[in-house]
Amino acid sequence: MGDCHFLEGNLRAKERVEYTKSLLDEIGLGGDRLEMFHIGASDAPFFAKAVETMTNRAKELGPNPLRCETPVAEAA
Amino acid sequence: MAKSFEEALASGEFVVTSSIDPPKGTDLEGLLQLVQRQKDVVDAVGISDNHNAVMCMSPWAVCRVALEQGVEPIMHVACRDRNRLALQSDLLAVASLGIKNILCVSGDHVKFGDHVDAKPVHDIDSVHLLEAAKALAQGKDMAGNPLHGSPEFFLGATANPEADPIEPHLIKVDKKIKAGASFLVTHPVFNIENLKRFTEHTRQSNIKVLAGVRLLIPEEVPKYRDGSYPGLFVPEALLEQTEAADMEKCTEVAGNTVKEIKASNLCDGVYLTAPGHEDKIPDILKAGGI
Amino acid sequence: MIVAKRKPFNEIKDLVSGSKKILILGCGTCVAVCLAGGEKEVAVLASQLKMALALENRDVEIDKLTIERQCDREFIEEINSKVAVDDYDLILSTACGAGVQLSSDVFDHKVVVPALNTTFIGVAEGPGIWSERCRSCSDCVLAETGGICPVTICAKGLVNGPCGGTRKGKCEVDPEKECAWTLIYNRLEKLGRVDKMEQTLPPKRWNVQQHPAIIIHEAYRRRYE
Chain A
0 MGDCHFLEGN LRAKERVEYT KSLLDEIGLG GDRLEMFHIG ASDAPFFAKA
50 VETMTNRAKE LGPNPLRCET PVAEAA
Chain B
0 MAKSFEEALA SGEFVVTSSI DPPKGTDLEG LLQLVQRQKD VVDAVGISDN
50 HNAVMCMSPW AVCRVALEQG VEPIMHVACR DRNRLALQSD LLAVASLGIK
100 NILCVSGDHV KFGDHVDAKP VHDIDSVHLL EAAKALAQGK DMAGNPLHGS
150 PEFFLGATAN PEADPIEPHL IKVDKKIKAG ASFLVTHPVF NIENLKRFTE
200 HTRQSNIKVL AGVRLLIPEE VPKYRDGSYP GLFVPEALLE QTEAADMEKC
250 TEVAGNTVKE IKASNLCDGV YLTAPGHEDK IPDILKAGGI
Chain C
0 MIVAKRKPFN EIKDLVSGSK KILILGCGTC VAVCLAGGEK EVAVLASQLK
50 MALALENRDV EIDKLTIERQ CDREFIEEIN SKVAVDDYDL ILSTACGAGV
100 QLSSDVFDHK VVVPALNTTF IGVAEGPGIW SERCRSCSDC VLAETGGICP
150 VTICAKGLVN GPCGGTRKGK CEVDPEKECA WTLIYNRLEK LGRVDKMEQT
200 LPPKRWNVQQ HPAIIIHEAY RRRYE
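Residue numbers (numbering that gives the first Met the number 0), protein chains in the order written: chain A, 0 to 75; chain B, 0 to 289; chain C, 0 to 224.
Do not take every clue at face value.
[As the list claims (entries may be wrong)] With a straight-line Cα cutoff of 30 Å, these simulated DSSO-like cross-link-like pairs (lysine-lysine) come out: (1) B:Lys-195 - B:Lys-222; (2) B:Lys-139 - C:Lys-195; (3) A:Lys-20 - C:Lys-189; (4) C:Lys-6 - C:Lys-19; (5) C:Lys-39 - C:Lys-49; (6) B:Lys-118 - C:Lys-167; (7) C:Lys-81 - C:Lys-4; (8) B:Lys-195 - C:Lys-189.
None of these hints come from the bench; they were simulated from the model. Predicted model, so just to flag it, every value in this text is computed and none were measured.
With the hints as extra help, turn the sequences into a complete structure.
Here's what the structure looks like:
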C-alpha cells in the first residue's frame with residue numbers, strides 16, 4: 000500500500016474500488032464481486048492466493064445474475 | 000410586608016432564588032407542593048420555559064399559580080419557540096397577570112429535548128427580547144407602535160462564568176446589560192475563580208448577579224460528561240466525587256458551594272437548580288447555612 | 000454554488016419503475032462540481048438503474064444527456080435538437096430543484112422527476128467535501144461579523160451571540176462543530192475589529208425579500224413591466 004510507482008495511484012484506486020463496491024451493494028448485486036488486492040510486481044505467490052480467493056468467492060456467490068448462464072465450476 | 004425580588008436585590012441582602020420546571024401535563028399537584036415547601040426559604044422562584052427543549056406547560060400559567068400561592072415568580076422566556084409577534088403578545092399577557100420578573104434566554108437547542116424535529120424559531124435573540132420588553136414598558140412595541148397600556152417589568156438575562164472562551168461571552172453580557180437587563184442569573188458555577196473573573200467584569204455596571212448552583216447527582220454524571228445539559232460544565236474532579244456520593248453528600252456539596260459563594264462576597268445571591276429533585280432545595284439551603 | 004446529494008438509490012428506482020424508456024438529464028454546473036448530477040454521475044446512475052431493474056427482470060431503455068445547466072431555458076430547449084423528447088415516458092433530472100422545475104416547465108407535457116435532494120448554498124472545503132455557507136436571507140451582515148455568517152453557522156442563527164452553551168469553543172448542538180460566535184470573535188480579533196462585535200445587531204428582517212422571490216435587473220425592467 001502506498002508503494003505505487005505512480006505515487007498515490009494505488010491509494011486513489013482503493014478509494015474508487017471501495018466506492019464502486021458500495022454502488023454494487025446499493026443495487027443489490029453485491030460489492031463482494033469486486034475486490035482490490037495490493038500485490039508487489041514480483042510477488043507471484045500472493046497473486047496466486049488472490050486469484051484463488053476470488054475464484055472461491057465467485058463459486059460461493061454464484062454466477063452474476065445479470066450475465067452468465069453457465070455455472071463457473073463447469074466452465075473451469 | 001415581604002420585600003419583592005427587585006427590592007431584595009436592591010437592599011444588598013444575599014438573595015436566594017430557586018428554579019422549578021413546569022409539569023409535562025396539566026397536573027399541578029406536585030408543583031404546588033414544591034412551591035409551598037420553598038415559599039419560606041426563597042425570595043423568588045424561577046419558572047423555566049420548555050427547559051432543555053422538553054415540552055412542558057407554558058411558564059406563564061405556572062407563574063400565575065405561584066403568585067396565587069404567595070410566591071414571587073421569575074418567568075423564563077425562550078426565543079427558541081416563538082417569533083417576535085408571539086413573544087410580545089406573551090409579555091403583554093403575563094404583565095396583565097401580575098408577572099413582572101422576566102428572564103430572557105435564547106433557549107436550549109431543540110436537539111436536547113423530546114421534539115427533535117421541531118423548527119427552532121429564533122426570530123430574535125435574547126438581546127432583542129430584552130430591548131423589546133424594555134420598549135413595551137416604555138409604551139411602544141418593537142415596530143414603534145404605541146400601546147394602550149404598558150407593562151411593568153424587572154428584566155434579567157443569563158450568563159456563563161464558566162464559558163470557554165470567555166471574551167466573546169462577556170461582549171454578549173455587556174449587550175444584554177445595555178439592552179435592559181437589571182439582573183443576571185448564571186449557569187451553574189463550580190469554580191470561584193471563574194465567578195471572580197466574571198464579576199470583576201460586571202462590576203463596571205450596576206448589574207445584580209445571582210450565581211447558579213446545581214445539585215449534582217451520581218445517576219446523571221454520564222450526562223454531565225457527554226454534554227447532554229447545555230451550558231453545564233462540571234469539572235472532572237467534581238464528577239468523580241459525585242459518582243461516589245449518596246444524596247446526603249450531594250446535598251452537602253451543593254450547600255458548600257452556596258456557602259462558598261456567599262462568603263466570597265462576589266455577587267448578590269444564588270439561583271438553585273435541582274431538576275427532578277427540587278424538594279431537596281430547602282435542604283441544600285440549610286446545608287449552606289441559609 | 001448549490002450543493003445537492005443524490006437521493007437514496009431505491010427511491011430513484013421507485014420513481015422510474017413502470018417506465019419503459021427514460022432519459023436521464025444531467026447538469027454540468029453546480030451538481031457536476033459537487034459530484035452529484037454531472038455527466039459522470041449520470042453514467043453511473045444509468046448503469047445502476049439498468050442493472051437493478053434487470054435483477055428484477057425488468058427491462059428499461061435508458062438514454063443519457065448532460066447539458067450545460069438546467070437553470071437557463073436556452074440549454075434545455077436545445078435538447079429537442081439532440082433527442083426525441085416525446086419518445087420518453089419519463090425524464091429523470093439530476094439537476095438541483097431549480098433546474099428540475101425549469102426542465103419541467105419547458106417539457107410540461109412530460110413527467111420530470113428529481114434524482115437529487117438539493118441541500119444548500121456552499122463551498123468546497125476540499126475535494127469531495129462541501130460545507131453550507133449561506134442561507135440567502137437577503138439581509139447580509141457579513142461585514143459586521145468578519146465574513147462569517149451567523150445565520151448559517153450558528154445553530155440558533157443568533158445575530159448577537161454567543162449563547163451560553165459554547166463548550167471549549169464548540170457548539171452545544173454538536174461538539175464537532177465550531178461555535179460560530181467564537182469563530183467570529185477570533186476573526187474580528189485578528190482583524191483588529193472586535194468593536195464590530197460590541198455593536199448590537201438589530202433583529203433580522205426575514206421578509207425584506209418576499210418569497211417566492213423574483214429579481215429583475217434594472218436594465219431589463221421595461222421588458223417585463
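Quick rundown of the hints versus the structure:
At roughly 27 Å between alpha-carbon atoms, Lys-195 (chain B) and Lys-222 (chain B) fall within 30 Å of each other, so this suggested pair holds. Restraint check: the Cα-Cα separation between Lys-139 (chain B) and Lys-195 (chain C) comes to about 28 Å, which is no more than 30 Å; the hinted pair holds. For the given pair, Lys-20 (chain A) sits about 46 Å from Lys-189 (chain C) by alpha-carbon distance, which is inconsistent with the 30 Å threshold. Between Lys-6 (chain C) and Lys-19 (chain C) the CA atoms are separated by roughly 21 Å; this keeps the pair inside 30 Å, and the hint holds.
About 16 Å separates the Cα atoms of Lys-39 (chain C) and Lys-49 (chain C), which keeps this hinted pair within 30 Å; it holds. With a CA separation close to 26 Å, the supplied pair Lys-118 (chain B) and Lys-167 (chain C) stays within the 30 Å bound. Between the alpha carbons of Lys-81 (chain C) and Lys-4 (chain C) the distance comes to roughly 27 Å, so the proposed pair stays at or under 30 Å and holds. Proposed proximity of Lys-195 (chain B) and Lys-189 (chain C) is supported: the alpha carbons are some 27 Å apart, at most 30 Å.
Violated hint for the displayed structure: number 3, the only one.
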